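J.: Residue numbers (the working numbering), protein chains in the order written: chain Z, 1 to 326; chain E, 327 to 752.
Calculated directly from the structure, the hints in this document are not laboratory data. Some hints could be false.
Some residues of chain Z that are not near chain E, with every Cβ distance over 12 angstroms (derived) [unchecked claim]:
{"id": "1", "residue": "K47"}
{"id": "2", "residue": "R69"}
{"id": "3", "residue": "C161"}
{"id": "4", "residue": "S184"}
{"id": "5", "residue": "T259"}
{"id": "6", "residue": "D290"}
{"id": "7", "residue": "L297"}
Examples of chain E residues toward chain Z, derived with CB under 10 angstroms [stated by the list, open to error]:
{"id": "8", "residue": "A522"}
{"id": "9", "residue": "S524"}
{"id": "10", "residue": "G528"}
{"id": "11", "residue": "P533"}
{"id": "12", "residue": "F598"}
{"id": "13", "residue": "S600"}
{"id": "14", "residue": "D639"}
{"id": "15", "residue": "R646"}
{"id": "16", "residue": "L674"}
Computed from a predicted model, the values in this text were never measured in an experiment. Using N, Cα and C, we set each Cβ at its ideal position, and we do this for glycine too.
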Amino acid sequence: MSVKNFQLDDQGRLRHFLTIEGLKRQMLVDILDTAESFSGVVDQAVKKVPLLRGKTVVNLFFESSTRTRTTFELAAKRLSADVLNINVAVSATTKGETLLDTLHNLQAMHCDMFVVRHAESGAAHFIARHVAPHISVINAGDGRHAHPTQAMLDAFTIRRCKGDFYPLNVAIVGDILHSRVARSQIHALTTLGVNEVRVIAPKTLLPKDVETLGVHVYHDLKQGLRDVDVIIMLRLQNERMQGQLLPSEHEYFQLYGLTEDTLAYAKPDAIVMHPGPINRGVEIDSQVADGPRSVILQQVTHGTAVRMAVMSMCMGSHIKAEGSTA
Amino acid sequence: MRITIANGRILDPANKFDQRSDLHIASGRIVAIGAAPAGFTPDQTIDARERLVCPGLVDLSARLREPGYEHKATIATETRAAAAAGITTLACPPDTQPVIDTPAVIKLIRHRAEEAGKARVVCLGAATQGLKGERISEMAALKQAGCAGISNSLIPIANPLVMRRIMEYAATFDITVFLFAEDPSLRNSGCMHEGAVSTRLGLPGIPEAAETVAVARDLALIADTGVRAHFCRLSSSKAVQMIARAQYDGLRVSADVSAHHLYLTEMDVADFNSQCHVRPPLRNQRDMIGLREGLISGVISAICSDHQPHENDAKLAPFRETGSGISALETLLPLSLRLADETNLSLLDILSRLTIEPARILGLDVGTLGIGAIADVIVVDPNHYWTINRDSWLSRGQNTPFTGWDLKGRVTHTLFEGRLVHELNA
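Isolated chain E, as found in the complex (with noise of 0.2 angstroms):
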């Protein structure tokens, strides 16, 4: 299949490239910008005038709930809501059922997301095993099978002896480490941010301190033995500021932020929103702004979905025993684009953040559209407003706070290794 999409402003932030111009996809692959290679005739046109043209994007958490909670959401359904966000890698935290601690799982996964054709999938393996934080776990075999690297998931590991173990096999192979900085303890039975809000709603609150004790903890941890760690969803401006200077110290940290956390704060919850029940929390407006500063420092190189849908049961209870998360593929880019026009952040950066900086995070070959790679591309409207409601949501938990936003931006077509997956009808 051969593809041009014609007149478009390409978006490659990879290679610093920004111009309008045509882009020639043949055999999955992309093979020219500008003019088309010799011979090259066109099955298909797809016309970009006045839109973008710029990699997939690449999601570093996102939950597709299969195996084990199909009645949430399965890969078939979260596939096809991610190939319309534009959204064509994903990576699955390893809290599955069974957890991905085996190779068979990984397998599994990606059978059935090779069976809906619609994005790649990428798993991260569990860090102990059964993510019970007690034994390490077969690490190489999951690198060998695939895996992008390894996490915990959710599950803070409490007892320190355990994550430098974890940290130093990982270390030998090579491994990134995926960490969710949450000390359990001072957690306690927290729901929400503790602050003024949780103090009035009487929920009891995870202080920030949760947070950066566990990022100091995993510092000094990843400075003795060296491993490669990304710590997911930062909430506090504190931890930007540690793993700031982490970095200056030239550890070898990355950092990720919801696109939530860019835009919600604890006054969101508001009157037990369960919709902004999210882990780690919404945090304040400081903390919000210093996400904010960090993603465009580049001490947060990558901004994610943490997509967690749910069925809407799960929702409906009193606030605390809701479950938590958002379903968030589908604000992924326009919440992110929307930050081109409140920050100084350009386009290409903040494509970055959404291509090349998390493919390289994962070790991804992907995320660029430089000559040769794969073609996951798609194609934006960066004038089409939407309002987010029940017919615009194809993910099949209809969980997110954004309800009733006015959002700027959409996909029209997503062509995932040079097949078009998706396409907007107008």
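If we strip away everything but chain Z, and leave its shape as in the complex, we get (with noise of 0.2 angstroms):
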């Protein structure tokens, strides 16, 4: 299996953010320590630094999403980036134009950062392997893959809800099988060095040997969630289900859906989280997601500097890198 992790340059410094896997902890922590420098940017009257002016950022979407595409958009433009919106699933692919064509085009215009969401797990590595030198490539989601971005999000509200990540238990709920977000979060945490991840799923919604992945399997919720400091609800992936994995969601609610009372099993203070679209009534009870203890405006909230600091590090190496040599 191949050991380097190429998407660091040749002093270590990220130049692509594709997956959390195989990063140092110390890596992710200065992301986070980055993102709070962000987080008070929108604070300000101006709410702009310079970091990425003159540079080009493409939101390369071949899956289509609104909440993820804004908020890259949004950070590019606070780091004045200028930002192309390109929604691939209805433009030049649909012609017949392969993945590689599409991506050598938008290089010959001069681009210098790719974030890229698509539908199969692998493509933004397969990106990332055929740029030019000086892109680069944030993964924006792949497949059942990687969205690596949302997990530092949940792990940047993590710590300023928790503080430290150490003694924390935490629990990812629900459809852990098509989730790029629970693999990436499952590695920013067991990274991070959190005391316990759990799964919590029927076993139509787990993928094969989870175990591997470093968390402890659960199928009752009741038992999954006693003494968690977070709970992760995922959302049901309809739109991935091929094939029946669950009878209903009447009955997904009933076992696995966060209500007030499946909540008190955990800690008393532990907080609620959820990557959304959240589907109310299926995976999580409106009183708990409006609830004290949920902190799911917070994520969105996060998600803008966490994407800042992501985007500033990655095209920081280049930016040094170009500085060096001038």
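Got two chains here, separate frames each, mind docking them using the hints?
T.: Right, dumping it as structure tokens:
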């Protein structure tokens, strides 16, 4: 198996951000610290810093998304970059152009960063392997594989609410099988050193050998939530489900839906998270989603700062490199 | 043309022959081993000192991509690569375009192969018309036109009743059915082995049960119909055990494995390495060991290349969207020879799984150096080290995960029907 992490440049700085797997704890802490410094920017009268002035960021979305694309766009604009939004699902590839051709065309327009979302696992890796050396690639979600900025904003939210990662027990509940977010969260949380990561789901929603990712598996929600500090609920990805994985949403909610009753099994100060969009009454009860322990909207807020941090760090390695050769 | 291959170590698994000697060829046949027949004067002598002299290899599965996919490869390009790899007989699965379901396509392929003149190409006919899995093909006509068996290629027969009809009809005419064991429902949208690596990469997995469920169903139908059947490209240890049991019970079943499944596992997919995208998928270490054990015990009686050349673009996409398959003619022999170092299989044992055993499965009178046999003969330098790279590659498909591997053993001469069709430039 390859051991070289090609997300990093020769100096060990972040060049692409494709997956959290393989990154060192200090790198993740640097991202969180940088995000912390950017979180003040949004409170200022002029919500901009000039770090990426003159740079062009392309939001290359092969799969529809509003929330993620918007936060990446906002983050790029707050770093003073020029932003292009390209919905590839309804443009070139429908005319038969290959992914590589699309990429080469955009590259010829002198772009500096691609933010990529794609329905296939590994698409961001593929693109990163084929871009010119001056271009950075950020994975905004590829298939079931990874959604690293979402995981980092979740970690950022947890750190803000809980401080230290080490004593925490974290439960991730629901459709782990199809969730790129869950995979990235597991890598982020285990790297950051939380005490225990649990996954809670019926067997039909768990990938094979999931324990090898370093998690404990529970099939009973109440048992799994006992003494946890953080509960991350996942959306049921019905659009990715082939074959019958669940008998009904009703039974799923009865067994795995988070309600005031089931929440009581967690620690009294446990926080409730959800990467969104929420299916109310399927994964989570509205009372909990809108309740005092929910930090779901804080997650959204933190998304911009974390993405600013990742973008500036990725481009930073190029900017420093350019500076050093000048 | 009279040729003498002098002073080589002659290895003929069909006759359990392993001796240093001379081998004499005349009129496309092997005429003597040892002393030359009276009055025999060779037109050419090949010095085979320090070399192995073996039957030409018989490959149970090689896609030549013609007709229909000439942008990937042609019969001319791939038989040339085969000759350089020591393969003198290739079985071509029916998934060409048009599909091999009429005698006309068989004639076309045979004609092109004869034009190229580098190796023998035999066809496997389609088990169902157009490989659609619905109506059984005109198997008797296909057999008469020269098909060595029938197969539905990589398109599994979903309907058990259709499979039963295929087997019953094939049994009527004593045609071997070549089976690719994969339950399409259990495969779902998978593209690699379902396990720790697929979970890590977020790639949809193909469970081991996709193979074992299909093997179980097909074994039940084989027992029911009495057909002679061959399982192609086993990938799991459990399937090997099931075939072993069926053979013990007296069913007429055989099995093969690709050379790459004896060396690669799911771990080689690593970070979305599309060169390792194959069907059936590369499974885990335990399965790889099980396949090797099956080969050693003889449950698996043949190693094939499962050659599937692709144009470069076919592998340039996110993993699941890439074409599956490896360009594998040229790694078949060196990878197989390496097994002699890594297992307790002798050279004769390994060569039997590349020559006489696959020839028997295909029902062909090749794969032997017996006196009077067709002179498909190769000379191999067993100590020739070479590195797999673009310069060493003859197949038009350069899709191999073995690039950069150092391999030992190279074919220096290939004789096809008594004609020298390949000679390695030193």
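J.: A separate judgement is required for each hint: does it hold in the structure or not?
T.: Each hint tested on the structure:
1. K47: 35 angstroms, holds
2. R69: Nearest chain E Cβ is 19 angstroms from R69/Z, so the label holds.
3. C161: The claim stands: C161/Z keeps its Cβ more than 12 angstroms from every Cβ of chain E (closest is about 28 angstroms).
4. S184: Label violated. Min Cβ-Cβ 10 angstroms, cutoff 12 angstroms.
5. T259: Holds, because the least Cβ-Cβ distance between T259/Z and chain E comes to about 29 angstroms, which exceeds 12 angstroms.
6. D290: At about 31 angstroms from chain E, D290/Z clears the 12 angstroms cut-off, so the statement holds.
7. L297: 27 angstroms, holds
8. A522: Nearest chain Z Cβ about 4 angstroms off; hint holds.
9. S524: With Cβ-Cβ at 7 angstroms, under 10 angstroms, it holds.
10. G528: 3 angstroms, holds
11. P533: Since the shortest Cβ distance to chain Z is 7 angstroms, the answer is holds.
12. F598: Since chain Z brings a Cβ to about 4 angstroms from F598/E, closer than 10 angstroms, the hint holds.
13. S600: Check passed: Cβ of S600/E comes within 8 angstroms of chain Z, closer than 10 angstroms.
14. D639: 7 angstroms, holds
15. R646: 6 angstroms, holds
16. L674: 35 angstroms, violated
When held up to the earlier numbered hints, the structure conflicts with 4, 16 and fits the remainder.
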